[in-house]
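Chains as they are written, first to last, in my numbering: chain V, 167 to 387; chain B, 2 to 720.
FYI, nobody ran anything at the bench for these hints, they're computed from the structure.
These numbers come from a predicted model, not from an experiment.
It is possible that some hints are incorrect.
Below, simulated DSBU-like cross-link-like pairs (lysine-lysine); rule was C-alpha separation at most 30 Å, straight line [what the hints assert, rightly or not]:
hint: 1; chain 1: B; residue 1: LYS717; chain 2: V; residue 2: LYS274
hint: 2; chain 1: B; residue 1: LYS321; chain 2: V; residue 2: LYS274
hint: 3; chain 1: B; residue 1: LYS56; chain 2: V; residue 2: LYS206
hint: 4; chain 1: V; residue 1: LYS200; chain 2: B; residue 2: LYS211
hint: 5; chain 1: B; residue 1: LYS321; chain 2: B; residue 2: LYS211
hint: 6; chain 1: V; residue 1: LYS281; chain 2: B; residue 2: LYS172
hint: 7; chain 1: V; residue 1: LYS274; chain 2: B; residue 2: LYS445
hint: 8; chain 1: V; residue 1: LYS168; chain 2: B; residue 2: LYS334
hint: 9; chain 1: B; residue 1: LYS146; chain 2: V; residue 2: LYS278
hint: 10; chain 1: B; residue 1: LYS52; chain 2: V; residue 2: LYS278
hint: 11; chain 1: B; residue 1: LYS498; chain 2: B; residue 2: LYS510
hint: 12; chain 1: B; residue 1: LYS321; chain 2: V; residue 2: LYS278
hint: 13; chain 1: V; residue 1: LYS200; chain 2: B; residue 2: LYS18
hint: 14; chain 1: B; residue 1: LYS445; chain 2: V; residue 2: LYS278
hint: 15; chain 1: V; residue 1: LYS274; chain 2: B; residue 2: LYS172
hint: 16; chain 1: B; residue 1: LYS367; chain 2: B; residue 2: LYS56
hint: 17; chain 1: V; residue 1: LYS278; chain 2: B; residue 2: LYS140
hint: 18; chain 1: V; residue 1: LYS278; chain 2: B; residue 2: LYS498
hint: 19; chain 1: V; residue 1: LYS168; chain 2: V; residue 2: LYS206
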Amino acid sequence: MKAAVITFPGSNCDRDLAVAFEAVGAEVVHVWHKDTDLPKVDVVGIPGGFSFGDYLRCGAIAARSPIAPALAAHVERGGYALGICNGFQILTETGLLPGALMRNTGLKYICKQVKLRVETSDSVFTSGYGKGSVVTVPIAHHDGNYTADAETLAALRDQDRIAFTYAENPNGAMEDIAGILSANRRVLGMMPHPERAMDPVLGSGDGRVMFEGLLGRMALA
Amino acid sequence: MSDPQITPELIAAHGLKPDEYQRILGIIGREPTFTELGIFSAMWNEHCSYKSSKKWLRTLPTSGPQVICGPGENAGVVDIGDGQAVIFKMESHNHPSYIEPHQGAATGVGGILRDVFTMGARPIAAMNALSFGVPSHPKTAHLVKGVVEGIGSYGNAFGVPTVGGEVRFHKAYNGNCLVNAFAAGLADTDAIFYSAASGVGMPVVYLGAKTGRDGVGGATMASAEFDDTIEEKRPTVQVGDPFTEKRLLEACLELMASGAVISIQDMGAAGLTCSAVEMGDKGGLGIRLDLENVPQRETNMTAYEMMLSESQERMLMVLKPEMEAEARAIFVKWDLDFAIVGETIPEDRFLIVHNGDIKADIQLSKLSSSAPEYDRPWVETPRAAPLAEVPLIDPIDGLHALITSPSYAHKAWVYEQYDSMVMADTVRAPGLGAGVVRVHGTGKALAFTSDVTPRYVKANPFEGGKQAVAEAYRNLTAVGALPLATTDNLNFGNPEKPEIMGQFVGAIKGIGEAVAALDMPIVSGNVSLYNETDGTAILPTPTIGAVGLLASLDDLIAGLPQHGDMAFVIGATEGHLGQSALLAELLGREDGDAPHVDLAAEKQNGEFLRANRKLVRAATDLADGGLALAAFEMADGADLGLTLAPTDIGHLFGEDQARYLVAVSQTDAPALVNAAQAAGVTLEHVGSFGGDTVTLGEASAPLSALSDIYRGAFAKAVA
């Protein structure tokens, strides 16, 4: 499997995401936000961090950076993409995923391990978990309160596109949503950080399943 | 615009004493220009010159086989084997944080991160030690919220995990909070960058953010006591931009890897002035700056303002001239300013030119070598009166008093606002004892702790200074790490008062004795004096930040006790209650002497725990709050009940030093007992873990009720 990780000037989980891809045997290409082309890869990782300082709105400036059209083209071609935390915010700002991430209802940044319920196993990202299983993955965000209009929420539900929900909602997200899939199920945006849950010594190894699942599917493709 | 006349009022407003002004006249042989006055004031204030503390700082042990670079550079450098080094320092941002808590704390974090990456290290861990006034004081909640939010906003965006720290509350900090920020970074030992310039005619390059008027005079402000005019000082607080700092980090590390850097220095207190003088002075060179080339954020800035601005996220570098194009390209890539603002010159001159006018012309070496140094009069702190009689106390009431106090309550409210896991190497997150991060890509790990018990230091500066070091040693040991080295952040009141100076001297002597005995030399540090408001000083607070090494992650002790585990105390308990947390929180009493620290016992007991770590499931040091509080914290963390056999209050809550609490399986207990006998170490079986009740002697309460209190008290206190 070949993965690209996009680095924006304020990304700070780009290394961690690359390390996670590499840990399951993927080859990683680093892409700078000022690049306008993506190399031919199986999956594009959009890492966490503060892409442009979270000034204006989280992800809003990144969604307009030179690499954004190439990302959109990759997704339109049916390519896989994984956006984590700020990466999820960027995916919503580009319109590649619906909805928006608003400020946490407690108005505070929150970093802690949380329990997630796997809502669908019908995606390369979640097939390794089994629907209904509960996994531990940390969150670290100020703006993770998933918000969408009623129609969007209904579509996400009806099309089984809610990937993860919080067992205990930490941020006010509608319907406890922690991560969602695109209509073709190949783009996952999630606020929790699976790349920080790659080894039990870090507090959880549950994130590894996602990367292994991704690799396994790519190897078959 | 013409510069103001030099008057006695103007001199006083710059914090310069009449005799210091005479010294300036002696150096330059004429009346200084306004810009020169500002430069002297910036270089000679307490914050930058250490004029009251230098004499005593020199007495501290700063060397050892593990030390690559001790105090004097931006941060200390310590060998961790395999060609790698940990680079760290702790620094205060007390005065700005009291005036503007969010920005004051944020820029404190930014400043310490720059100190670390200026030396070529990528920051891998941060901590912060915070002291606030009592929760009922009208400013406290506002300060706590602002400071914690400010630390989080900067560190989280920058992308460094905050893995530890301390938060305490005491009325002595009502008018003067303390914000001590620590950062550590990792570098290869053959790629460390220092500040000494070399070579004549080398370009001096300005990097990073533009210069504005923020922070003009900040270092002078930080060297004065507060009074009721404090609100007027708000404009001297700088504003931080972690997004720029993150880019500056990446650009600097790329630049260093390119081989273009001769020397580099961050612009911290007194910005351009201090950084340029430092580079010239250390390299035995002069510096010429042409200020019209300085990237400016505001129009019509004067030489005075540019030389004294404390705008954040800036660096000064001496560049290999042949590499200018490559170096510039890196800064263009990161959208940062890169401007050649001057050059190194052979003469001993600090020459400041603005649009062709000479604004300052001073013998550069004199700015530091001729800085005032004081041997301030001091009086030894009198011996504390003996502890008055302690009444009968129900142990559960005692525990309740501690866990409802925000100083001892669970700190999740604070540390969950910090990203403790970015970089995906945090193996021991904040909460209990030292934080631990893996050395990326290796089997090694580093442990970090920050400690001091200011009540002890006030009662007995010498023992209190020793205790701060000993507690740091124990916290590192309790996670299985070997303590390596120390940074000290010495927060005290007005050194012109002999009794305050006596606290300082006593604490330094204690710290020095302890770091020598425990082989953890001081490699960096910071002094913050004049922490007084309307004449009332803070508790003397010499914060000790320390770093330990785990040669292998297999050495890590990070477990939780399990049902049926036995609780043992390593080290002897006599039941010392003087200056204890119990008496302070339950009875409002701060009397008696601080506990004595037996450094030989510290070393012996620490070595015993490290040697027998495989027999231990969980470990913690015993500090303020004694056995009862430490055991409760361990039980709460494991969600397990606890039974402690001792009934005596001194035994349960005494604060004797050189002790650890360990949880040991019943299978391993006999081996630990034998090992203790063989080593001649005191090991006392004090109880066990299990069930859902906390029993202290003859009193008990449900764990869940106590945990609810413990976990809710902090938020309640700062609501």
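Violations among the numbered hints: Per hint list: 2, 3, 6, 7, 10, 12, 13 and 18 violated.
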